[in-house]
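Peer 1: Residue strings, one per chain:
Number of protein chains: 2
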Amino acid sequence: MSGQSDQERTISELGEFGLIEHLTREVKLNNSSSIRGIGDDAAVLDYSGRRVLVSGDVLLEGIHFNLMYTPLKHLGYKAVVVNISDILAMNGDPSQVIVSLGISGKFGLSQLEALYEGIRLACDTYHIDFVGGDTTSSVTGLTLSVTAIGSVEPNQVVYRDGADVNEIICTTGDLGGAYMGLQLLEREKEVFKSNPGVQPDLSGYDHILERQLKPEARYDIIRFLSKLEIKPTSMIDISDGLSSDMLHICHQSELGCKIFQDKLPIHEQTEKMGQELDIDPTTAALNGGDDYELLFTIPTSQYEKIEQEKEIIPIGHMTSKDFGCYMVSSSDHQIALKAQGWKNR
Amino acid sequence: MSGQSDQERTISELGEFGLIEHLTREVKLNNSSSIRGIGDDAAVLDYSGRRVLVSGDVLLEGIHFNLMYTPLKHLGYKAVVVNISDILAMNGDPSQVIVSLGISGKFGLSQLEALYEGIRLACDTYHIDFVGGDTTSSVTGLTLSVTAIGSVEPNQVVYRDGADVNEIICTTGDLGGAYMGLQLLEREKEVFKSNPGVQPDLSGYDHILERQLKPEARYDIIRFLSKLEIKPTSMIDISDGLSSDMLHICHQSELGCKIFQDKLPIHEQTEKMGQELDIDPTTAALNGGDDYELLFTIPTSQYEKIEQEKEIIPIGHMTSKDFGCYMVSSSDHQIALKAQGWKNR
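Order-wise, the sequence lines are chains A and B.
Heads up: the first sequence runs through residues 1 to 345, numbered per the working numbering.
Heads up: the second sequence runs through residues 1 to 345, numbered per the working numbering.
If you are wondering where the hints come from, they were derived from the structure by calculation, not from laboratory data.
Fair warning: there could be bad hints in the mix.
[To be verified] A short, non-exhaustive set of chain B residues, derived as facing chain A with CB atoms under 10 Å: (1) Ser48; (2) Val58; (3) Glu61; (4) Leu88; (5) Gly92; (6) Ser137; (7) Val328.
[To be verified] In the DSS-like style, the derived pairs of lysine-lysine whose C-alpha atoms are separated by at most 30 Å in a straight line are: (8) A:Lys338 <-> B:Lys106; (9) B:Lys231 <-> A:Lys231; (10) A:Lys28 <-> B:Lys231; (11) B:Lys321 <-> A:Lys28.
Beta carbons are placed, not taken as given, at the ideal position from N, Cα and C, and that holds for glycine.
Could you build all of it, start to finish, from the sequences and the hints given here?
Peer 2: Here you go:
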């Protein structure tokens, strides 16, 4: 086999152990908490005196992504980012990931390399170490299982259950874009299916496409809040949609909430695509999910500190449980928030 | 929905959040290192002063299990056990698991309950806390993704790369049984397919069936070694088969090895089934995998301490790298060990 270039080698020639060595050969450990990474039964980590945060997620072909329009490099990137987002939502510093893959026979080495390139890029971007994982064959679709690990000072953990009445509800960035980007990709897929000669028309929609294909985790927000010495009273990342994730905070904090439609941050491309496809952008923001923005509550006394920060948007306030969980629409109607997560995935 | 019994409720009636709450309602945290479990973005753990061990594995329908002969309770149990085994193989104490499921539409609530019952039973048996996870729908088969977390004193971690020349290679329990149990189940599946009226004939093979369907992790061995103050110089759990896993230790320790066919611990049922199916029991031990026994090396000076322990079996010794990795057969031939893991799964 010597003399062959990597491109010429096949997965079966490499074998399981050769494959993992090949794919992870450029992986280096940078965080001081990463004692030992890939290549043993478990990763060995050191977090003396800090709380350890561990979160796991599975991404399944046909449910969480469609390979017809998801570049594998983007998929690898996104799989890491969505898990980092969970650690950030606890107010933690993400530091390691473990990625296990189930791959079907249709995958070649170059495709796996693209997937790993995306994983490595996300690790580099967020200063995360890639410390373990496994690659097995799959008779069904591609399966990505990611575990993210991080840490936090014991008194800095933020749960979902710490919100209090009258506290301000904030979200970050913009909402509904990832869902609208997905609808655009689905439309172009159908066009392509009925006429494979037509190139997809995606111009002018770079923002919502990036929201869907290459989302980022809001580490910048966590650092900003830390710098201002603001510790949110409750926090969650918006993966299922604002509505479902707001309900998680309400449910666990045993409170109600009142958010305002007019306050929801919606990007102009989300608005425009909504008009084109006849989808209400507010519905996309409430139920679309996949935005990976942060949703958190802070006491009113902290409001001044964040008032000037454009990426943090106050959208309402917490109420007593009896009030219920509502959005006040532009036309001043109260609309009950509903959990939609299950149906969308 | 009030007044309905659990049995009458469907997954869609419960919804995603209701489903997880329902399935995990009996989950309690027992380990002092488990600060917060299921119900937030990440589990929060505390391991002051100890190394943290994290390991992840994915079990896929059609590759790692066949639902035609795998009871879901057993599957849940096994999924946890194989991950605990990875933590033990680092000489660690397993303490938490995170389990994420991808389930297809063919699953009903009672089946998911059986799966979770198995997960909980394994957690109870090994004093592990179930601290997180996710349940999403799958368009393909059932996917189980398990992350096991544990800890160990910094000076007690055992890697794969610490073996030295002349050290004794030990394994535990017996080998090849899980593979032979699988062959028996496969045979009975074929019989059943061609004649559904025939009941499977599994009598007299309880040991090898249990090895396949309900393996145990060797926590007892880790405790025994600790009590005797023996710290193995290298260790791995036998998941891919003795051959592949021995090669991992050799490769990472930059050594060779010599193991003896006559020393391999093979159960009488494995021998008997081997005769019936015309499969060499040694081949099953070397390449079958799924045994979850421990494979480790100790200095000769420690041999006396374990000599009387029936569950620990010396099978050979480490050699210089130049010697290579061999098994000496009963007829005194030297047979090179080969990695087979990829092909078997």
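Peer 1: Now tell me if each hint is right for this structure.
Peer 2: Hint check:
no. : hint                  : verdict
1   : Ser48                 : 6 Å, holds
2   : Val58                 : 5 Å, holds
3   : Glu61                 : 7 Å, holds
4   : Leu88                 : 8 Å, holds
5   : Gly92                 : 7 Å, holds
6   : Ser137                : 6 Å, holds
7   : Val328                : 24 Å, violated
8   : A:Lys338 <-> B:Lys106 : 26 Å, holds
9   : B:Lys231 <-> A:Lys231 : 44 Å, violated
10  : A:Lys28 <-> B:Lys231  : 28 Å, holds
11  : B:Lys321 <-> A:Lys28  : 26 Å, holds
Consistency note: the structure conflicts with the earlier hints numbered 7 and 9.
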